[in-house]
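Asker: Taken in sequence, the protein lines are chains A and B. Residues 1 to 378 in my numbering are what the first sequence spells out, letter by letter. Residues 1001 to 1259 in my numbering are what the second sequence spells out, letter by letter.
Bear in mind the hints are in silico, worked out from the structure with no lab data behind them. Hints are supplied without guarantee of correctness; some may be wrong.
What the hints assert, rightly or not - Quick list of simulated restraints, FRET-style, between CB atoms:
{"#": "1", "chain 1": "A", "residue 1": "P254", "chain 2": "B", "residue 2": "Y1159", "range": "51 to 59 angstroms"}
{"#": "2", "chain 1": "A", "residue 1": "I259", "chain 2": "B", "residue 2": "S1193", "range": "32 to 40 angstroms"}
{"#": "3", "chain 1": "A", "residue 1": "P254", "chain 2": "B", "residue 2": "P1096", "range": "51 to 59 angstroms"}
{"#": "4", "chain 1": "B", "residue 1": "V1198", "chain 2": "A", "residue 2": "R13", "range": "28 to 36 angstroms"}
{"#": "5", "chain 1": "B", "residue 1": "E1082", "chain 2": "A", "residue 2": "V267", "range": "47 to 55 angstroms"}
{"#": "6", "chain 1": "B", "residue 1": "E1079", "chain 2": "A", "residue 2": "L263", "range": "42 to 50 angstroms"}
{"#": "7", "chain 1": "A", "residue 1": "L263", "chain 2": "B", "residue 2": "S1163", "range": "53 to 61 angstroms"}
{"#": "8", "chain 1": "B", "residue 1": "Y1159", "chain 2": "A", "residue 2": "L284", "range": "57 to 65 angstroms"}
{"#": "9", "chain 1": "B", "residue 1": "S1236", "chain 2": "A", "residue 2": "L357", "range": "51 to 59 angstroms"}
{"#": "10", "chain 1": "A", "residue 1": "E371", "chain 2": "B", "residue 2": "G1135", "range": "43 to 51 angstroms"}
{"#": "11", "chain 1": "A", "residue 1": "L263", "chain 2": "B", "residue 2": "P1096", "range": "22 to 30 angstroms"}
{"#": "12", "chain 1": "A", "residue 1": "L263", "chain 2": "B", "residue 2": "S1193", "range": "49 to 57 angstroms"}
Claimed, not checked - Pairs of lysine to any residue, SDA-like flavour, derived with a Cα cap of 25 angstroms:
{"#": "13", "chain 1": "A", "residue 1": "K335", "chain 2": "A", "residue 2": "K190"}
{"#": "14", "chain 1": "B", "residue 1": "K1140", "chain 2": "A", "residue 2": "W3"}
{"#": "15", "chain 1": "B", "residue 1": "K1040", "chain 2": "A", "residue 2": "I374"}
{"#": "16", "chain 1": "A", "residue 1": "K160", "chain 2": "B", "residue 2": "S1236"}
{"#": "17", "chain 1": "A", "residue 1": "K377", "chain 2": "B", "residue 2": "L1142"}
{"#": "18", "chain 1": "A", "residue 1": "K190", "chain 2": "B", "residue 2": "G1046"}
{"#": "19", "chain 1": "A", "residue 1": "K377", "chain 2": "B", "residue 2": "S1225"}
{"#": "20", "chain 1": "B", "residue 1": "K1140", "chain 2": "A", "residue 2": "I240"}
{"#": "21", "chain 1": "A", "residue 1": "K377", "chain 2": "B", "residue 2": "D1196"}
{"#": "22", "chain 1": "A", "residue 1": "K377", "chain 2": "B", "residue 2": "G1038"}
{"#": "23", "chain 1": "A", "residue 1": "K15", "chain 2": "B", "residue 2": "P1162"}
{"#": "24", "chain 1": "A", "residue 1": "K94", "chain 2": "B", "residue 2": "D1196"}
{"#": "25", "chain 1": "A", "residue 1": "K15", "chain 2": "B", "residue 2": "G1135"}
{"#": "26", "chain 1": "A", "residue 1": "K190", "chain 2": "A", "residue 2": "G53"}
{"#": "27", "chain 1": "A", "residue 1": "K211", "chain 2": "A", "residue 2": "T183"}
{"#": "28", "chain 1": "A", "residue 1": "K94", "chain 2": "A", "residue 2": "G129"}
{"#": "29", "chain 1": "B", "residue 1": "K1140", "chain 2": "A", "residue 2": "K211"}
{"#": "30", "chain 1": "A", "residue 1": "K377", "chain 2": "B", "residue 2": "G1046"}
{"#": "31", "chain 1": "A", "residue 1": "K70", "chain 2": "A", "residue 2": "Q196"}
{"#": "32", "chain 1": "A", "residue 1": "K153", "chain 2": "B", "residue 2": "G1046"}
{"#": "33", "chain 1": "A", "residue 1": "K377", "chain 2": "B", "residue 2": "R1226"}
{"#": "34", "chain 1": "B", "residue 1": "K1140", "chain 2": "A", "residue 2": "G302"}
{"#": "35", "chain 1": "A", "residue 1": "K179", "chain 2": "B", "residue 2": "D1239"}
{"#": "36", "chain 1": "A", "residue 1": "K15", "chain 2": "B", "residue 2": "L1161"}
{"#": "37", "chain 1": "A", "residue 1": "K335", "chain 2": "A", "residue 2": "I266"}
{"#": "38", "chain 1": "A", "residue 1": "K377", "chain 2": "B", "residue 2": "L1049"}
{"#": "39", "chain 1": "A", "residue 1": "K211", "chain 2": "A", "residue 2": "S178"}
{"#": "40", "chain 1": "A", "residue 1": "K148", "chain 2": "B", "residue 2": "S1063"}
The C-beta atom is built at its ideal place from N, Cα and C for all residues, glycine as well.
Read off the chains here:
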Amino acid sequence: MAWIAWRMLIGNRGKYLGIVLGISFAALLIAQQAGIFWGLMNMTAAQIRDVRGADLWVMDPNVQFVDDIKPLSDNDMMRVRGVPGVEWAVPFYKGLARARMEDGNFQQVILLGLDDATLVGAPQEMLSGSLSDLDLPDALIMDDAGYKQLWPKEPFQPGKAFEMNDRRGVLVGICKASKTFQTFPIVYTKFTRATQYAPSERKVLSFVLAKAQPGQSLDELCATIKQQTGLSALTRQQFIRKTIMYYFTRTGIPMNFGITVLLGFIVGTAIAGQTFYLFTVENLRQFGALKAMGTSNPRIVGMVMLQAAQVGLIGYGLGVGGAAAFGVFARFNSKLAFLMPWWILAITGAAVLLIVLLTSLLSVRRVLTVEPAIVFKG
Amino acid sequence: MAAETKIDGPAWVVTVLTAPPNIAVRCRGVTKDFGSGGTKVMALRGVDLDVRLGEMTLLVGPSGCGKTTLLSVIAGIMEPTEGEVEVLGADLASMPNGDVVRFRGRNIGFVFQQFNLLPALDATENVAVPLLIAGMRRRKALAKAAEVLELVGLSDRAYALPSELSGGQQQRVAIARALVHQPALIVCDEPTSALDAVNGRHIMELLHDSAVQPDRAVIVVTHDSRVYQFGHRIASMEDGHIISVDDASHHQPAAAAAH
Ligand SMILES: Nc1ncnc2c1ncn2[C@@H]1O[C@H](COP(=O)(O)OP(=O)(O)OP(=O)(O)O)[C@@H](O)[C@H]1O
Ligand SMILES: [Mg+2]
Chain A
1 MAWIAWRMLI
11 GNRGKYLGIV
21 LGISFAALLI
31 AQQAGIFWGL
41 MNMTAAQIRD
51 VRGADLWVMD
61 PNVQFVDDIK
71 PLSDNDMMRV
81 RGVPGVEWAV
91 PFYKGLARAR
101 MEDGNFQQVI
111 LLGLDDATLV
121 GAPQEMLSGS
131 LSDLDLPDAL
141 IMDDAGYKQL
151 WPKEPFQPGK
161 AFEMNDRRGV
171 LVGICKASKT
181 FQTFPIVYTK
191 FTRATQYAPS
201 ERKVLSFVLA
211 KAQPGQSLDE
221 LCATIKQQTG
231 LSALTRQQFI
241 RKTIMYYFTR
251 TGIPMNFGIT
261 VLLGFIVGTA
271 IAGQTFYLFT
281 VENLRQFGAL
291 KAMGTSNPRI
301 VGMVMLQAAQ
311 VGLIGYGLGV
321 GGAAAFGVFA
331 RFNSKLAFLM
341 PWWILAITGA
351 AVLLIVLLTS
361 LLSVRRVLTV
371 EPAIVFKG
Chain B
1001 MAAETKIDGP
1011 AWVVTVLTAP
1021 PNIAVRCRGV
1031 TKDFGSGGTK
1041 VMALRGVDLD
1051 VRLGEMTLLV
1061 GPSGCGKTTL
1071 LSVIAGIMEP
1081 TEGEVEVLGA
1091 DLASMPNGDV
1101 VRFRGRNIGF
1111 VFQQFNLLPA
1121 LDATENVAVP
1131 LLIAGMRRRK
1141 ALAKAAEVLE
1151 LVGLSDRAYA
1161 LPSELSGGQQ
1171 QRVAIARALV
1181 HQPALIVCDE
1191 PTSALDAVNG
1201 RHIMELLHDS
1211 AVQPDRAVIV
1221 VTHDSRVYQF
1231 GHRIASMEDG
1241 HIISVDDASH
1251 HQPAAAAAH
């Protein structure tokens, strides 16, 4: 009977395509939008991810996410250094600066100041120049994407200069950096120099980056730091999660994507459901004949569910495959962020399952109530 | 029919046995109402009828007299409002619905006016459907179906879809489908009325020659007097009653000339 159900389904090519397309559409939209959303959410934490070498981020207890800067004092850093279990602790500056270009235009940049001696938090990969060039006077390193944004057609040459806070800075190198949420160019420099580029504030220490002693439990150390200094200490993963959760819960972004996902779900369900229902209605006589010839109701329902499951599976495959193809394309050809972890596949699968169930519900009702006597009607 | 088709599974358990062994169907006081109150239609008003094994019984009468309704009740796809219906020794009214469905699948073959073939399946596959419903493996069922298709003279169209067959050919496929699982009762509702006279005759000949067996009864609803000659017995209905059951030889004059 499964075989008959399958033949009935593919025998009606137009309807079959319609149903599969409806489900694919929903799956594609859900997976693709969720992928972009998750990519975007992860972008918000890109700068935490780019800082390597430190175990802990120490910050003002009121900081809610990585761009929410509440500066610390030098004294705070000293106290962190004094906490037992801390191997070392260094300053890290992060802020927005206004760069005045040579042509007189202004451009917002993300300014990162690295500890002068250790350069903790430095970019992982230099595309041009080297980290040690930061020793040169007024030296800055810019990220690749930012450089292309400011000088679209010029290959990099050391010596490009601009001013921040009326102080001259000179590009000595180009590095790779993760895409950020704000999409401003990222400028790396040494901490003391960054404090001069920063708009004058009383306190300029954005974060303290700390390393635990070998064998030290990070969670315990976080608790100790909190207890002894009153500051908040988070592991890299914790800070990433906190930042993402902030954007997740405090901004309209999830809502916007959620609406699109919901729309995809509704439209997909409507198309697939309607076509599947029409398909069933068109075949009612056949189902009636099968009933007359001795097919029980449970088996008839089984046939309908099987047909629904089959289009669901194919639609899911096409939709998720399409989303993945889109993701690959987006990664290489645009600034769009796209991530498709397993749970997006699972959520899409659950949505498709729901569509299939909703879709087949009406049809099942119809085939259950069809009288086998229909076969004698002319 | 040469092919013996025994479907695996337990044999049918007979519920009652009051009719003599040569009676396939016994109806006593069968009524059927549709709707209720002012719109109530009394389609059957107390039908008494015996249908014998080894015979083709024609059920004839004016339009709306209740032929299709009676056939549906006999075939177990419609419950009578009142009365007794004994089919092949089984009392359908006392059987749970699931058992009736299984009973139909095992023991009754159907031929419809509108053929009711599955459009997505080819001729052989359509013929195999009752065997598949009974749970036979596909390969075996298709082989059996091919044999029966040959019996109805359609081997050369075995892989044609219903849409690629003429009406007469489609009805042959439907007859093969009704025969394939060797049911003891075959019911046909106006099997020739969608066909022209020549094809109608061929179909009746086929039913007469292949469907009728000593251990099988065939009931054919028709209002086509040109095919009366093929029946052994003619039951005439009027207004929800059986008014007469005649030996078909009474109708021989018109038929003999045509044969
Ligand atoms: N499902 C139904 N609901 C209500 N009335 C019905 C239903 N089926 C049949 N009837 C009525 O029952 C009566 C008998 O119908 P039936 O179909 O048995 O007649 P018939 O002898 O087969 O006629 P025909 O030769 O036109 O096929 C008719 O009056 C018909 O309108
Ligand atoms: Mg009728």
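Asker: Going through the numbered hints above, which ones does this structure break? Give me the numbers in ascending order.
Answerer: 2, 7, 8, 10, 11, 13, 16, 17, 18, 20, 24, 25, 27, 29, 32, 35, 37 and 40
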